[in-house]
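Asker: Chains A, B, C, D, E and F, in that order, are what the protein sequence lines are.
Heads up, the first sequence is in my numbering, so the first residue is 56 and it goes up one at a time.
Heads up, the second sequence is in my numbering, so the first residue is 56 and it goes up one at a time.
Heads up, the third sequence is in my numbering, so the first residue is 56 and it goes up one at a time.
Heads up, the fourth sequence is in my numbering, so the first residue is 56 and it goes up one at a time.
Heads up, the fifth sequence is in my numbering, so the first residue is 56 and it goes up one at a time.
Heads up, the sixth sequence is in my numbering, so the first residue is 56 and it goes up one at a time.
Keep in mind that the hints were calculated from the coordinates and are not lab data.
Take the hints with a grain of salt, since some may be wrong.
When chains are identical, the list treats them as one kind, so a pair holds in a single copy or across two.
Claimed, not checked - 30 angstroms max Cα-Cα, derived DSBU-like pairs, lysine-lysine:
id : residue 1 : residue 2
1  : Lys169    : Lys82
2  : Lys82     : Lys100
3  : Lys171    : Lys100
4  : Lys71     : Lys169
5  : Lys71     : Lys168
Number of protein chains: 6
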Amino acid sequence: MDELEEFRRYRERMNKRILSAGNLGIKRFFALDTRAYEEGVLPAKTKELLGLVASTVLRCNDCITYHVIRCVEEGISDEEFFEAMNVAMIVGGSITIPHIRRAADVLGQCREKKRKGQPVDI
Amino acid sequence: MDELEEFRRYRERMNKRILSAGNLGIKRFFALDTRAYEEGVLPAKTKELLGLVASTVLRCNDCITYHVIRCVEEGISDEEFFEAMNVAMIVGGSITIPHIRRAADVLGQCREKKRKGQPVDI
Amino acid sequence: MDELEEFRRYRERMNKRILSAGNLGIKRFFALDTRAYEEGVLPAKTKELLGLVASTVLRCNDCITYHVIRCVEEGISDEEFFEAMNVAMIVGGSITIPHIRRAADVLGQCREKKRKGQPVDI
Amino acid sequence: MDELEEFRRYRERMNKRILSAGNLGIKRFFALDTRAYEEGVLPAKTKELLGLVASTVLRCNDCITYHVIRCVEEGISDEEFFEAMNVAMIVGGSITIPHIRRAADVLGQCREKKRKGQPVDI
Amino acid sequence: MDELEEFRRYRERMNKRILSAGNLGIKRFFALDTRAYEEGVLPAKTKELLGLVASTVLRCNDCITYHVIRCVEEGISDEEFFEAMNVAMIVGGSITIPHIRRAADVLGQCREKKRKGQPVDI
Amino acid sequence: MDELEEFRRYRERMNKRILSAGNLGIKRFFALDTRAYEEGVLPAKTKELLGLVASTVLRCNDCITYHVIRCVEEGISDEEFFEAMNVAMIVGGSITIPHIRRAADVLGQCREKKRKGQPVDI
Numbered sequence: 056m057d058e059l060e061e062f063r064r065y066r067e068r069m070n071k072r073i074l075s076a077g078n079l080g081i082k083r084f085f086a087l088d089t090r091a092y093e094e095g096v097l098p099a100k101t102k103e104l105l106g107l108v109a110s111t112v113l114r115c116n117d118c119i120t121y122h123v124i125r126c127v128e129e130g131i132s133d134e135e136f137f138e139a140m141n142v143a144m145i146v147g148g149s150i151t152i153p154h155i156r157r158a159a160d161v162l163g164q165c166r167e168k169k170r171k172g173q174p175v176d177i
Numbered sequence: 056m057d058e059l060e061e062f063r064r065y066r067e068r069m070n071k072r073i074l075s076a077g078n079l080g081i082k083r084f085f086a087l088d089t090r091a092y093e094e095g096v097l098p099a100k101t102k103e104l105l106g107l108v109a110s111t112v113l114r115c116n117d118c119i120t121y122h123v124i125r126c127v128e129e130g131i132s133d134e135e136f137f138e139a140m141n142v143a144m145i146v147g148g149s150i151t152i153p154h155i156r157r158a159a160d161v162l163g164q165c166r167e168k169k170r171k172g173q174p175v176d177i
Numbered sequence: 056m057d058e059l060e061e062f063r064r065y066r067e068r069m070n071k072r073i074l075s076a077g078n079l080g081i082k083r084f085f086a087l088d089t090r091a092y093e094e095g096v097l098p099a100k101t102k103e104l105l106g107l108v109a110s111t112v113l114r115c116n117d118c119i120t121y122h123v124i125r126c127v128e129e130g131i132s133d134e135e136f137f138e139a140m141n142v143a144m145i146v147g148g149s150i151t152i153p154h155i156r157r158a159a160d161v162l163g164q165c166r167e168k169k170r171k172g173q174p175v176d177i
Numbered sequence: 056m057d058e059l060e061e062f063r064r065y066r067e068r069m070n071k072r073i074l075s076a077g078n079l080g081i082k083r084f085f086a087l088d089t090r091a092y093e094e095g096v097l098p099a100k101t102k103e104l105l106g107l108v109a110s111t112v113l114r115c116n117d118c119i120t121y122h123v124i125r126c127v128e129e130g131i132s133d134e135e136f137f138e139a140m141n142v143a144m145i146v147g148g149s150i151t152i153p154h155i156r157r158a159a160d161v162l163g164q165c166r167e168k169k170r171k172g173q174p175v176d177i
Numbered sequence: 056m057d058e059l060e061e062f063r064r065y066r067e068r069m070n071k072r073i074l075s076a077g078n079l080g081i082k083r084f085f086a087l088d089t090r091a092y093e094e095g096v097l098p099a100k101t102k103e104l105l106g107l108v109a110s111t112v113l114r115c116n117d118c119i120t121y122h123v124i125r126c127v128e129e130g131i132s133d134e135e136f137f138e139a140m141n142v143a144m145i146v147g148g149s150i151t152i153p154h155i156r157r158a159a160d161v162l163g164q165c166r167e168k169k170r171k172g173q174p175v176d177i
Numbered sequence: 056m057d058e059l060e061e062f063r064r065y066r067e068r069m070n071k072r073i074l075s076a077g078n079l080g081i082k083r084f085f086a087l088d089t090r091a092y093e094e095g096v097l098p099a100k101t102k103e104l105l106g107l108v109a110s111t112v113l114r115c116n117d118c119i120t121y122h123v124i125r126c127v128e129e130g131i132s133d134e135e136f137f138e139a140m141n142v143a144m145i146v147g148g149s150i151t152i153p154h155i156r157r158a159a160d161v162l163g164q165c166r167e168k169k170r171k172g173q174p175v176d177i
C-alpha cells in the first residue's frame, strides 16, 4: 500500500473513532472545518491554497498532505503550487523547508498516481 | 496622527535603520520579501490573502496590519476578507480571535479613510 | 476607565462587528468556543484552567486576560492559579514568563476590584 | 514490541544519556518537570490534563503520548479525555486534529493493554 | 521615564509578586533561568546571543528587550548583533521582522543611553 | 543504510526537485540560507549554535539533525552542545525535550561515525 493511501486510511479510522465518542463540540468543529473550504466569494482552489500555506507556516505535515491532495483535486498547477510555497517560505523562514520538501514529495506522488490512472482523493 | 499612520512611520524608520546597517543577507531578504507578493501565475490579491492568513495563524499583529492594508489596495471585498478570516480561524483556533479582531479593526480604519478621501497605503 | 474595562469594551465592540459581517462559519465557531467551557464531566473551573494554560503556552495576552477573569468568576484560589502557571512555565519555558507576569497582573486587578466591591466580569 | 513500549524505551535511553552528560541545569530542569505534576492544591489528574492540553495545542506527539499514559494512570474516563480534547481543538484549531488523532490512538492502545492485563506505565 | 526603565520596573515588580506567591517550582525555575546564561565553556556573550535569537524566532518582544540589554552589557558590536539577527530572520522568516525592528529599536536606545552616560542595566 | 545517510539523501533529492521547479524566489532564499551561516564577525561555530538553538525552540527535528551535523563539522564539544541545549530547554520548556533527545541521538550517531572513520557531512 502506498504512503498516501496509508495516510488516508489512518486518518479515516481515527476520525471515525473521535466522531463516535459522542462529544458534540468536536463533531460540530469537524463540520465547520469542512465548510470553511467550500466555494464562496473566494474559489475553492484559493481556499485550499490558504489552507496549504497556513499548514506550511504552522508546520504540520499531515495537514500539508491533506491540502496538497485537495489542491490537486482543484486542479492546481506546479507553478501555482511553488508560488504559494514561496510565500510560505518567506513568511515562515527556513524552518518551513522540511515541510516544503514534504509538500513537494506529496505533489509528486499525486502527479505520479494521476499518470498511472489511479485516483487521487482524500 | 492616526494609528495606521503611526504604524507606517515606525515601520519605515526602523526598516531604514536595519537596512543601513550594512548586513547584505538582511538586505536581500527584504528584497525577496517584496517580490514574493508580486503578480505571477497567482494574482497579487491571492498572494496578499495568503500573506494575511499566514500572518493570522502565526498571530503577528504588525504583519496583519500590513497585509490588511495591502489587501485593501488590491481591492478586497468585506466578504472575501471574512471568508479568508474564517479559514484562518478554523486552522488556527480561538487563539487567533484577538488577531482577527485586530484585522477587522484595521479593515474598518482603511474603509473609513477611503470614505474621507484619505490615502490608504503602506 | 481601568484597563480590564477597556479590554472588555474593545473585545465586545469588535466581536459585534465580526459577528455582524454575515459569515456563518465564524458565527458558529464563536458559539462552539463558548460551549467548550461549559460544565460537563469536567467542572467549569477545570476547563477554564485548561483554557488559561493553553493560552499561556501559546502566549496570547488577550486570551490570558479573558481566562484569568473567567477563573476568578469560577472562584480560583491564588494557590491553584500559581500551580497551573507552574505547569505552563515548565511546559512552555521562560518565553512564557512575560505572559505569566501579565496573568499575575490581571489576577491582582481582579482581586482589587472585588475588594472594592466592583464587578469582575467579561 | 508494541509502539508504546518502544516509545518508553527510547525515551528512557535518551533521558539517561542526557542526564549523564553532567550539565547541572538540565538535570535540575528534569527534576522540576516531574514535580510540577505532583498532587498539590490541584489534583494530579487535573495537572496531567493541563499537561495534555498544553502538549496538544503546542502539537508535540511525544509529549501527548506521555501525558495520555499518565492520564490513564490517574484514572481518566473517555468522556473527560474528549472534553479536554475539545478545549484543545477549540483553542488550537484544526491544526491540532492530527495530534488529537494521535492522542485518541494512544488512549485506545492503553485501554487495550489494560483489557489484556498488561501494564500501562511510563 | 523612558521606555526601557518602564519595562525594567514592571518586570521587577511583577517578578517580585510571582516569586512571593510561595510556589517552589516557579522559584526554582527562575533560578535555573538565570544560571543558564552564566559563563561556562560557552562565553556569556554567546549564551546571550543564543537567548536573543531564540527569543526572536519565538517572537517575544519582552524577552528580546531583556536579551538585547544583556547583550549590550556583554559588549556586543552592531555587526555581531545584525549577523545574529540575520540568522534569526532566515530561520524564522518575515514574521520575525517586526520583532527585529523592536530589537534594533532597543539596541538604539541602549547606545543612546551609553552616549549620555546613563546606566544600561536590567 | 544508516538513518543520517537516509536523511541526507532524501533532503538532497527533494531540494533538487524544489530548486529545479523554476521559482526564482525560492532559489534565492536557499542561497541566503547558506550564506547566513558563513564565517563573519561571528565565527561559523557560533552561527551553527544559533541555528541549532533556534531549531530546537521551534521544534523541527530535520533542522536539528542538519545543525547538529554542521556543529560536529565545526568541532563542537559535548559540553558546548549541552550548554546550548540547556539554554534551548530553559527558553522553550519541556516541550523541547523530545527534540533535545533527538539532538543527543544525532550527536551520538555522529560521534560513532567519526570513531569508525566514516564521514560526517551533509
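Asker: All hints, please: hold or fail.
Answerer: Okay, the hints, checked on the actual structure:
1. Lys169 with Lys82: Between copies only: 28 angstroms across chains, 33 angstroms inside a chain, cut-off 30 angstroms.
2. Lys82 with Lys100: Answer is both; intra-copy 25 angstroms and inter-copy 23 angstroms each pass.
3. Lys171 with Lys100: within (24 angstroms within a copy, 35 angstroms between copies)
4. Lys71 with Lys169: both (28 angstroms within a copy, 22 angstroms between copies)
5. Lys71 with Lys168: both (26 angstroms within a copy, 21 angstroms between copies)
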